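Given next are the chains, with one letter for each unit.
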Amino acid sequence: MSEYEASMTAETVGVTEHLPASYTQKALNDDVFRMIGWPGRIWWAVFILDLAILLTGGIVLRNQIVLGLGVAGYTRPVMWAAYITNFVFWVGIAHCGTLVSAVLYLFRSHFRRAVYRVAEAMTVFGVLTAALFPLLHTGRPWFGYWLVPYPSQRGLWPNFRSPLEWDVFAVTTYLTISSIFFLVGLIPDAAVARDRAKHPAMKLLYQVFSFGWIGTNTNWKYYYGGYIFFAAMATPLVFSVHSVVSWDFAMAQTPGWHSTLFAPYFVAGAIFSGVAMVINLLIPIRKTFKLEHIVTLDHMEKLSKLVLLTSNIVAYSYLTEFFIAWYGPSKLERDLFWYRFTGHYWWAAWIMFTCNALIPLALWFKPVRRNMLVLFILCLFVNVGMWFERFVIIATSLARPVDPAVTVYYRMSWTEAAITAGAFAWFFMFFLIFVRLLPAFSIAEIKETLTMPMRRKPA
Amino acid sequence: MIMKLLNRLANPPEGKYHGVMGVFYYVDDAADAVRTLRQAGHRRLSVLSPVPHHQIERALEQGLSLVRWVTFCGGAIGFTAGMSLCIYSVLSYPMVTGGKELISLPPFMIPTYESMILLGGLTNLLAMLALGRLPQVRPRAPYDPRFTEDRIGIWVPCSGVEAERVREMLRGHEAEEVRLYE
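Residue numbers (this note's numbering), protein chains in the order written: chain Z, 1233 to 1691; chain A, 11 to 192.
To be clear, the hints were calculated from the coordinates, so they are not data collected in a lab.
Just so you know, these numbers come straight off a predicted model, no measurement behind them.
All residues carry an ideal CB built from backbone N, CA and C; glycine is no exception.
Please note: incorrect hints may appear among the correct ones.
Where chain A lies over chain Z, by a calculated footprint (3+ residues, C-beta under 8 angstroms) [claimed, not checked]:
# : stretch
1 : 1333–1343
2 : 1433–1443
3 : 1485–1498
If you want a taste of the chain Z side facing chain A, the calculated C-beta under 7 angstroms gives, among others [as the list claims (entries may be wrong)]:
# : residue
4 : Gln-1257
5 : Asp-1427
6 : His-1576
7 : Val-1600
8 : Met-1604
9 : Ala-1676
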């Protein structure tokens, strides 16, 4: 044992934040880079299955583009349905990454270091998935550029008072900033990858990702000088983007939508589903690559506490919505909420309530929070519940509008189901490539928590 | 042919350096060496490390970064551009919709706010890269892959007798390895 290892213990240098004091910087590099390399058979099997689902979604999408939106299950007046549900679901999933990387960074919540890269990657891929749906929903995706704010040939501009236009600004800003944040976080770790890469093509790829980083004091000074501002700007952005998404609904005078509760309710729901998805992604990664000492049970437990907190906020919002409907003056609102839980879509509403408000209550118990299999299954339920939450909000309000005489029953078509499955495959395709190509854990930030070699004992 | 080109791109030829590079394992040794070198008048030295160390930062007496001001300006430009776009759009084609004021500030604040964040973020990135001297095709100091693993490098640009003196200084501070570049 070297002099450093013998003299440096957790007691002499203070708490080392989960990792043992004897864990070295080189060992961390070795552990994280075990993930990178030519994938094995299991990865290829999963990847090919994923591509097959994506291909099916693509063929179905081609069919929809050729034949028109009639092949989707739209039934007047339900003209927003599965696609907008998917859009809100994926934007929501994307929110957790920025919460973990930016908000927890500003709060100096150190457990984020072990999990934030996976969460950030999930954010970028989530927004890329979400961004597909407004385009698909238009039916003529090749006119997607009409969303961009520029005047038509008659000099008429898009309406900047419309929440749909706000959404264009919010989602594009979010995609840009979260992608930059993700890529900036990768810079020092890509330099480590570059130095370890054997193949010149990989070396070149990492050289590009690292911007030629060599870790000088000037590099670090401006890196962290800029990073904190990314965090500071991304934090309000997280809250604003999903608030804007919620206003797509809340600004309309439709029963079940027209509520000031929507912004905080949507933001909490987004964080809820996002953290659950991060847990769903982290549990297999830490198990497969034997990284339980980097992403420890403590980290997972802290994430599960976030799920519990946001679940309670979401459950409280459900009850508040009901209370407002019952206590408020609008009979239409009252009828709608009664219809949601007892009408045609009672099954969807109860899936939502059970998965989002009841099942997560198990997280009050420590053994549940620390049992990875149970936690994994519980988070799957949360994600199912959150998909149904968006479906219930969108479909029930439209299926039973102000005039109850036009009540219809919207059924999701096979086209919509295949495109929904394709969207999941699209997301996982990026993610599967990411874990084998780029460092899925922030080496630089985790390294900062290690005991640094000192010749002299600290005073 | 392609491999040759890739190899060339991935491993650019090293630049010509004049100075001394000391490699350290212990952080406190490196911080002491930085302090001594700065007291001896070497202000242009660079420290290469896998993570930033506060002890070394203090020894370098680094000021606050200027990124904040560039970011602030970017945010201010974004705010102004966003609001101007909204106002210009309604004034260039005045059409009252929904009985609302042509210049409706509350809804216009949302695109304005998003533009502020967008421009602020982009300028923050540019400032971070430009001030941090990135991207770098050729390293500005002799580079060793150990600097992204667990070693700290101190690069002092100098030559001649001064280089000899620096080499002795670094050795005196228990550098694991000292290399002279002439």
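Check the structure against each numbered hint from earlier and tell me which ones fail, lowest number first. Hint check: 1, 3, 6, 7 and 8 fail, others pass.
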